Every structure is written in C-alpha cells, then in structure tokens.
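Here's the letter readout for the chains.
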Amino acid sequence: MVILAAIALFLAINAIRALREAGLDTMLSGTLWYPTSDPGKFGMLPLVLGSLLVTGIALLVSIPVGVGAAVYISEFSRGAVKDVLKSIIEFMAAVPSVVYGLIGVAVLIPLVKDVFSLPSGLTALTGGLILGVMSIPTIVSISEDALHAVPMDLRQGSAALGNTRWQTTFKVTVPSAGSGIFAAMMLGLGRAIGETIAVLMLTGNAAVIPDSVFESVRTMTGTIAAEMGEVVQGGLHYSVLFTVGLVLFVITFGVNLAADLVLERQRKRWRR
Amino acid sequence: MVTLAAADARAHGAPVAAEQEDLPAEGSFSLRDVSVAYGRDRVIEGVSMDIPPHAVTALIGPSGCGKSTLLRCLNRMNDELGNVRVGGHITLDGQDITGKAIDPVDLRMRVGQVFQRPNPFPMTIFDNVVYGPRTQGIRGRDELQALVEESLRSAALWEEVKKSLKKHAFELSGGQQQRLCIARALATKPEVILMDEPASALDPISTQQIEDTIASLKDDVTIVIVTHNMQQAARISDRTAFMLRESLEEPAHLIEVGETRKMFTNPDDARTESYITGRFG
Ligand SMILES: Nc1ncnc2c1ncn2[C@@H]1O[C@H](COP(=O)(O)OP(=O)(O)OP(=O)(O)O)[C@@H](O)[C@H]1O
Ligand SMILES: [Mg+2]
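Protein chains in written order, with numbering that gives the first Met the number 0: chain A, 0 to 271; chain B, 0 to 280.
These are computed hints drawn from the structure, not numbers from a lab. It should be emphasised that the depicted structure is a prediction, and the values quoted were computed from it without experimental measurement. Note that beta-carbon positions come from the ideal geometry of N, C-alpha and C, so glycine has one too. Nothing false has been slipped in among the hints.
Okay, derived cross-link-like pairs now, DSS-like style, lysine-lysine, Cα gap no bigger than 27 Å in a straight line:
#, chain 1, residue 1, chain 2, residue 2
1, B, K165, A, K267
2, B, K162, A, K170
3, A, K170, B, K161
4, B, K166, A, K267
5, A, K170, B, K165
6, B, K261, B, K217
7, A, K170, A, K81
8, B, K166, A, K170
Distance ranges between label pairs, derived from CB positions:
#, chain 1, residue 1, chain 2, residue 2, range
9, A, P150, B, S47, 30 to 38 Å
10, B, R84, A, G177, 31 to 39 Å
11, A, F169, B, R31, 33 to 41 Å
Input sequences plus hints: build the corresponding full structure.
Structure follows, in structure tokens:
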C-alpha cells in the first residue's frame, strides 16, 4: 500500500508541470496528439481510446478462450492431459512480451493484411489479438483457482441428483466460481491494458482516433515507451508523458482493486 | 405412495426401468458377491445381501471397512472417482445396475444420496429443492412449488422455512442444511435414499430431528444408512449389516446381516457382538 502510494506520488510530482500548463481536462478531452509541434498539442483521447480498443479486442479473444480452457482443465481433464495443459499455460505466461511481438510481426501482421485485404497489417486488431493471447494465462490460472476452490461435495451433490458432468459444471460449479472468474477477467484486462512492447510492435502507432479495428492506433503504454527517449528531462512533453502514466496507473489500480475485492468475497464464501 | 412416486417419475419422463419388466418400482437391492478395488487396493470382497424395500438398513463397521464404498456402489457414485473397479452383481428391483446396461445418471434419479457434510448448493432454498426436478425437465411453476412444499414437509423443514424460501441456503443452520439436502434428494421422487453418516456433523437436537425424519420416510422410500453410532443404528434401522476388514492386507467382508433387534441382542457372530458392545473399532 505504501509502495503504491509512493508510485502514485512519484508520477504525480513529475506530472505537475503538465497539469499546471496544459491542464488535466484539456489533455483528457483533447483529440490531437502533436507533442513535438510548437506549441505542442497534448490531447490524450486518441491514446486512451487506442488502449481501450486494443484491450477490448484482446478480451473478446481471451475471455472465451481463457475461461473455456480453465473449465476444461479443471472439470473435464485428468492425469497427463491436465498436467500438459497446465504446463502449456505456465509456459505461455513465461514467454517475454517481445517474443509475442515478434510472433505477431512474423505471423499476424501478414495474416491480418491478407485476410482483410488491408494496405497494412499494423492495426488495432493485430495488436488486440496478440494481447488476447498474452492475457489468456492470467485468465486461465485465476479462473482455474476459482473453480478449484468450489468444494468437491457440491459437484458430488449435483451428480447424485442425476446430473451429467456438463450439467453439474454449468449449473453449480461455474456459477459458484462466478465471482472468481469475474476477477480473472478483470486481471486479464489489467494485463492487457498495461502491456507495452508487443502492441508497440504491432499497432502501427498512429495517434489518431480510430474509426475501425482495421486502423492503426497508438496506446498509452506505447506512447510512453516510444517518446520517453526523445524528450528533455523536466520539459513539458516529459511531464505530459508522466501524466499519461498516471492515468494508466489509476485505471489499472482501479481494475486490480475491483478484482481483489471480488476475490476476497469469494474466499470468505467457502469458509463455512 | 410408492406407486404414486413411480407414476410421477413416468410423467416426468424419468426412466423407470421396472416399467418394461412390469415389476413394481419399489427400491429393493440385491447384492451378489460384490467386490471393490481402488487400483490395487482390494477394499471389499464377497458381499452378498438383500436390501428390502421400505425399510431402513444400517451399515455398520469400523472406520475404513468400506461402508461408504459399498454405499456408493448402489448409485454408481464410485464411477465419479478414478481407478475404481467394482465386481459382482447388484440389482435394483430386479434390474442389473452394475454394467453398461444402465446409465448412472438415470440410476441416480432413482437412488438419491445424502452426504456426511451438508452440501447445499449456493442458491436459494427453493432452487436447492427444485434442482433435481429441473434436471428431470419439470418447469411448471405450480408443479415445482408443490414439489418444494411436499419435499420440505417430508424432511420436516417446511414449518421453519416456508416464509423464507427465497433465502440463501447458506443462511440455514447445519441441521437445517442437512434436512434441506434430504428434501432435495426427495424432490426427484427416488425409490431409495442413501445416507452416509448424515448426522455425524450435527448437534444432538439436529441429530434427533434427522432421525425422526428418517423414521417418517420409510413408508415412501427405502433407506440405506451408514452410521458409527450404535444407538442410532439400533433406534432407527430395521436391518443391520456389519462389515469388517480384519487386516489391511485383506479386503473387508460382510460379517453378518439381519434384523436389527437380533443383531443387537443375539448376534450369530462373536465379532459382531464385540463390535456392538464396543470392544473394538
Ligand atoms: N477414492 C478413493 N481412492 C482410494 N482409496 C479409497 C478411496 N475411498 C476410499 N478408499 C479406501 O477404501 C477403504 C474404505 O474406505 P471407505 O471410505 O469406504 O470406508 P468407511 O467404512 O466409509 O470408513 P469411515 O467409517 O471412516 O467413513 C479405505 O481403506 C480407504 O482408504
Ligand atoms: Mg465413510
């Protein structure tokens, strides 16, 4: 908690200049991001929307796949199959983001370009798809924990009433783990929104408000990473990038906090 | 009442196997040379006994002698565990229930189970009771409502919860939860209810209530109950079966089965007598 406060304070101190000179509301609602023109325009909206779009696409992939995989691993697989699947998920979590980025560059960019006949494969969709794959391990492992926490005797009780394993899974086990699975989705969201390098490599990084998923977007994380190296320390642009970081921090903090509260409630529930 | 239950089951489209053979669906088991092994651990062997309908049969014996295991043969719950092998023949109302001839899922609608620890589902009292009927495809609001009242009455819980059917089941006391689980099992109109130490996690008053409930149920269903409590077995059962595993290298056997009164006053086997009088186990 102290560490979190320290981080927030640190970001805020560095963001002060931007907050004074450009103003938070102007930055948040501004649609033009031209940080190097004179005077610089620091409208963050394209970045925020870029992040949200990419994250949204990611969740459309990772939630069904991740929750489905967790249900399969926890309720339907056994023995060696289960072990192999679990290690695959662990392995997926251990692969560095930049490697996902490289895979995206090699495989996904040409694929998206060809399948949708686009001029370029550097799109929000491309970044979102890879982010989706990257957040699958988080969703699988947290959902699986939640399913695992559902007492065995509930499943037996349902089976003893003449329910098939499918019926038991969808009528009792998954609903009982519902809040944990929801928390898993939130943490997957947090993972996706905070990811930097892979999206930087795949989305094309045009800081404009996108009209469709087939356009290039730039995320908040990507912006900070790409521009930080070129700014004057202590300058206005520098301070603005810290403001972007602060906004990102507030979003991810909120998401994680919500997930934690839900998980805690779930834990209490089975302590009977 | 039995015939009523059977007729209901037919109306619900639940399979009544006895129907084809025109036998009354009344819930009597016949076990012949039943054996169970978990992997290489042979736990039970050579159990042959009949379980008569509309009576309470108690399974007694020291811990680890395979009472729960034997009970789970009767509704095929052993199938849910990995690496279990069951041998021998078990029939329910004349129909073989051991092999592929019967779907365990269908069997369990006819043979309900109440577990040692109350295990209500995390939903309302009402939804708990109608859980089984809904699986059987019953949807009508009135029909479900009637089933809930009937089942809760039979489980002696109705008066306590009739005003709060929408309450979450976890808000009930342990004893009430266990009676809810009995009601839940009754709601599918089974012929048999298996109970594995249903009162061992409960206080004396709740235990008393469960015992009263069992006594009132046997007009409707056959009951097979596992218990460690000799007084309880003596109080509530009509017949008693005593199992014993004499050493860990050997599987358990059925030592003696008979009228409870006789088993408790004048057993045939000396081992039965020592167990009942508390000399071992
Ligand atoms: N799922 C299982 N896998 C492997 N072995 C098991 C399993 N369940 C039970 N056993 C073994 O089978 C034997 C009989 O167990 P069971 O639970 O049927 O005994 P019990 O008579 O019900 O005992 P208790 O009175 O303590 O409940 C024990 O030795 C136990 O270790
Ligand atoms: Mg037992």
